[in-house]
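These are the residues of each chain, in order.
There are 2 protein chains.
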Amino acid sequence: MFGTLKENELQSNIKISGFHLGKILPAKCEYQNMYLQEKAKLVDKSIPKFVPITHPDGMYYAMRHLLDAGGKRLRPSALLLAAEAVGGRAENVLPAAVALELIHNFTLIHDDIMDEADLRRGIPTVHKKWGVPKAIIAGDALYSKAIEVLSSAKSEPSHIIESIELLSKTCVDLCEGQWMDMDFQDRKDVTEEEYMTMVEKKTAALFAAALKIGAILSGAKRDVSQALWDYGFLAGTGFQIYDDVIDLITPEEILGKAQGGDIIEGKRTLIIINAFSKGVTIDILGKSNATRSEMSAAITALKESGSIDYAINKAISFIEEGKSVLKILPNSEAKKMLIGLADYMIARKY
Amino acid sequence: MFGTLKENELQSNIKISGFHLGKILPAKCEYQNMYLQEKAKLVDKSIPKFVPITHPDGMYYAMRHLLDAGGKRLRPSALLLAAEAVGGRAENVLPAAVALELIHNFTLIHDDIMDEADLRRGIPTVHKKWGVPKAIIAGDALYSKAIEVLSSAKSEPSHIIESIELLSKTCVDLCEGQWMDMDFQDRKDVTEEEYMTMVEKKTAALFAAALKIGAILSGAKRDVSQALWDYGFLAGTGFQIYDDVIDLITPEEILGKAQGGDIIEGKRTLIIINAFSKGVTIDILGKSNATRSEMSAAITALKESGSIDYAINKAISFIEEGKSVLKILPNSEAKKMLIGLADYMIARKY
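As they're listed, the protein sequences go chains A and B. Using the UniProt record's numbering, the first residue of the first sequence is number 1, and each one after it goes up by one. Using the UniProt record's numbering, the first residue of the second sequence is number 1, and each one after it goes up by one.
Honestly, the hints are just simulated from the structure, not real lab data. Heads up, a few of these hints could be off.
[As the list claims (entries may be wrong)] Below, computed lysine-lysine pairings styled on DSS-like, alpha-carbon distance capped at 25 Å:
{"hint": "1", "chain 1": "B", "residue 1": "K72", "chain 2": "B", "residue 2": "K314"}
{"hint": "2", "chain 1": "A", "residue 1": "K188", "chain 2": "B", "residue 2": "K134"}
{"hint": "3", "chain 1": "A", "residue 1": "K349", "chain 2": "A", "residue 2": "K41"}
{"hint": "4", "chain 1": "A", "residue 1": "K335", "chain 2": "A", "residue 2": "K221"}
{"hint": "5", "chain 1": "B", "residue 1": "K154", "chain 2": "A", "residue 2": "K169"}
{"hint": "6", "chain 1": "B", "residue 1": "K221", "chain 2": "A", "residue 2": "K154"}
{"hint": "7", "chain 1": "B", "residue 1": "K257", "chain 2": "A", "residue 2": "K134"}
{"hint": "8", "chain 1": "B", "residue 1": "K128", "chain 2": "A", "residue 2": "K128"}
{"hint": "9", "chain 1": "A", "residue 1": "K154", "chain 2": "B", "residue 2": "K169"}
{"hint": "10", "chain 1": "B", "residue 1": "K128", "chain 2": "A", "residue 2": "K134"}
{"hint": "11", "chain 1": "B", "residue 1": "K154", "chain 2": "A", "residue 2": "K221"}
{"hint": "12", "chain 1": "A", "residue 1": "K134", "chain 2": "B", "residue 2": "K169"}
{"hint": "13", "chain 1": "B", "residue 1": "K169", "chain 2": "B", "residue 2": "K221"}
{"hint": "14", "chain 1": "A", "residue 1": "K72", "chain 2": "A", "residue 2": "K257"}
{"hint": "15", "chain 1": "B", "residue 1": "K169", "chain 2": "A", "residue 2": "K45"}
{"hint": "16", "chain 1": "B", "residue 1": "K134", "chain 2": "A", "residue 2": "K169"}
{"hint": "17", "chain 1": "A", "residue 1": "K169", "chain 2": "B", "residue 2": "K49"}
{"hint": "18", "chain 1": "A", "residue 1": "K134", "chain 2": "B", "residue 2": "K287"}
{"hint": "19", "chain 1": "A", "residue 1": "K169", "chain 2": "B", "residue 2": "K169"}
{"hint": "20", "chain 1": "B", "residue 1": "K134", "chain 2": "A", "residue 2": "K128"}
{"hint": "21", "chain 1": "A", "residue 1": "K134", "chain 2": "B", "residue 2": "K188"}
{"hint": "22", "chain 1": "A", "residue 1": "K72", "chain 2": "A", "residue 2": "K336"}
{"hint": "23", "chain 1": "B", "residue 1": "K72", "chain 2": "B", "residue 2": "K335"}
{"hint": "24", "chain 1": "A", "residue 1": "K336", "chain 2": "A", "residue 2": "K41"}
{"hint": "25", "chain 1": "A", "residue 1": "K287", "chain 2": "B", "residue 2": "K134"}
{"hint": "26", "chain 1": "B", "residue 1": "K134", "chain 2": "A", "residue 2": "K257"}
{"hint": "27", "chain 1": "A", "residue 1": "K169", "chain 2": "B", "residue 2": "K45"}
{"hint": "28", "chain 1": "A", "residue 1": "K134", "chain 2": "B", "residue 2": "K129"}
{"hint": "29", "chain 1": "A", "residue 1": "K188", "chain 2": "B", "residue 2": "K129"}
{"hint": "30", "chain 1": "B", "residue 1": "K154", "chain 2": "A", "residue 2": "K154"}
{"hint": "31", "chain 1": "A", "residue 1": "K129", "chain 2": "B", "residue 2": "K188"}
{"hint": "32", "chain 1": "B", "residue 1": "K134", "chain 2": "A", "residue 2": "K134"}
{"hint": "33", "chain 1": "A", "residue 1": "K129", "chain 2": "B", "residue 2": "K134"}
{"hint": "34", "chain 1": "B", "residue 1": "K169", "chain 2": "A", "residue 2": "K49"}
{"hint": "35", "chain 1": "B", "residue 1": "K287", "chain 2": "B", "residue 2": "K128"}
Only chain A is shown next, with the shape it has when bound in the complex:
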């Protein structure tokens, strides 16, 4: 009943549904979604406690803007599952889980400024609503709050310090990844290897840190917490590669932002890099005034070149490798859920 999507099911889904992998979700996967939703709700409920609206109100509303608009809570849920998978209790690491979600939202606010994005989670981005200067502050404040919340976690002092050190190093990685991503937009010759390094820093590292922090704070042995880092790193990489796929195949009403936004922003995704290597040209890359029909033609070209399938298959192999790393853990409900979480990374619609 609690099993995971088998690889062949997943593959056949992809083959059948083309670009709508997430459309057909088996019932067992829905249960896992429900369980994940429970964890997400735990995080949702905690956010107002850790980030209450106080003076100056405007700043706190700006900090809470995206947080309150929902989000999948994947990173904090992963942290809570990691704690349970190593025999700890989710309640004990809840502050750390909230901290991870705050960090994620801080990066969203600042990234949206850099990408000049208007919409996120179906609502105006923070800088659209409050202007760039105040959006910068709201992001900085969320980051500060995250460190404050993590430093107040209930655990061995040495475990807390290890977690803070890991998180801060990870945030340096995030910045490096974001910087590389921006540099890539001025270049036509970005290699797949460079793209992978960027994704590892920009996305995978925070998933990996979330998992490892859940384990560290729960007193896991070093090899176990490292395995959870590896799992998070691999699943996070698969997540980002698939995120680039979703940007192209999911309609705006589901995605909460414009379809093909990455193309308009000129992002060098794995799909674009692969298409370039096959001699495909995408004229509207980096053109903010592209029409809907131009976008539609670009997506069709990427589809027909096989570059979208290439990225989907890459994502799948990372997810499968990530799941295999979990064999070090004893069987538990949480372990099953982590496997399910990895599958969800490439079975989601947005």
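Fit chain B to the known structure of chain A by using the hints.
Below, chain B alone, put in the same frame as chain A:
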């Protein structure tokens, strides 16, 4: 030989020199400057070790841009002195001192974006050189590096956590202060009380945290570390009030940025608030296209209203109160230097 400026000397300096308080520095104060410069050099030498240039190079050059351009290193020097004043060793808390300087520089990079400032320390601001998006990242990365460096300090784990918790709370304060400062620019009715709260959060809190962290990491008793926080808070408040004075009275070639920049940015400083309360109007407040002669006239009006003297006297009283708090400390060279540092806050030219 190592005494400090006496209050009456300071007062007479102000009375004699009007707006050039920093011009006449007694020899004993110069010695203290030398001692402070030693601490500053220790910090200077450590910065490249803690923030080496690595891949992606551009990001690290942007992070180091203002750090390498100098700066007074007041916060890290204060932290090192606090450690010595409670019987600790400066070398042991050097990572924490560097962390404080990184935090300060992170706030400078982001504040310069918000203030649309072109110059800092006589060189182009980070966003002028690299653009706003990359300046946001460089700031975020410096902040992350600061937490990473602090978490690697050599001290009791519980002391490190206490320091990180204090620093992160302080950074939330900084954001609140910066947010308030921005809100003030749209209002004509900012009260002196509101201004004081803003200054306490935006500037005094980080000085206070620097001092207390130096003490905490050196194992000081709670009342002693609290006294050092109080000292930093009071001296930091005096520092900021006097900073607003300096903005008006120091020529561009010494200041490293345009004279009267606060007026052009529309900042509600204590001087402006006091002048408003006396019915003085400053037409060029918030006007970026003010001419030099308009600026000169505005400064004369503020001078003649007594508002600049009002701010100078406020600054002095905070500095004096800050020094008096230090009586809890045993006599030491470091204690003398802390007293000298407080005096320096209002005896500097930039």
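Original post:
If you draw a straight line from the CA of K188 (chain A) to the CA of K129 (chain B), is it 25 Å or shorter?
Top reply: holds (23 Å)
Subject >> Agreement of K129 (chain A) and K134 (chain B) with the hint, judged by alpha carbon distance not exceeding 25 Å >> reply: holds (21 Å)
Subject >> 25 Å Cα cutoff - pair K154 (chain A), K169 (chain B) >> reply: Cα-Cα ~18 Å, so holds.
Original post:
Quick one, are K134 (chain A) and K188 (chain B) close enough, alpha carbons at most 25 Å?
Top reply: holds (20 Å)
Subject >> Satisfaction of hint between K45 (chain A) and K169 (chain B), Cα-Cα up to 25 Å >> reply: Judged against 25 Å, a Cα distance of about 22 Å means the pair holds.
**OP:** Could you grab the alpha-carbon distance between K169 (chain A) and K45 (chain B) and see if it respects the 25 Å cut-off?
**Re:** The given pair, whose Cα atoms are some 22 Å apart, holds under the 25 Å limit.
Original post:
Has the given pair, K72 (chain A) with K257 (chain A), been kept, meaning a C-alpha gap of at most 25 Å?
Top reply: OK: K72 (chain A) and K257 (chain A) at ~15 Å, within 25 Å.
Subject >> 25 Å Cα cutoff - pair K154 (chain B), K169 (chain A) >> reply: holds (18 Å)
Original post:
Taken at face value, is the distance from the CA of K128 (chain B) to the CA of K287 (chain B) at most 25 Å?
Top reply: Since the Cα atoms of K287 (chain B) and K128 (chain B) sit roughly 20 Å apart, the hinted pair holds (cutoff 25 Å).
Subject >> Agreement of K128 (chain B) and K134 (chain A) with the hint, judged by alpha carbon distance not exceeding 25 Å >> reply: The given pair, whose Cα atoms are some 19 Å apart, holds under the 25 Å limit.
Subject >> Holds or violated: K287 (chain A) to K134 (chain B), with C-alpha atoms at most 25 Å apart >> reply: holds (21 Å)
Original post:
Quick one, are K134 (chain B) and K257 (chain A) close enough, alpha carbons at most 25 Å?
Top reply: Within the cut-off at roughly 23 Å; holds.
In this structure, every one of the numbered hints holds.
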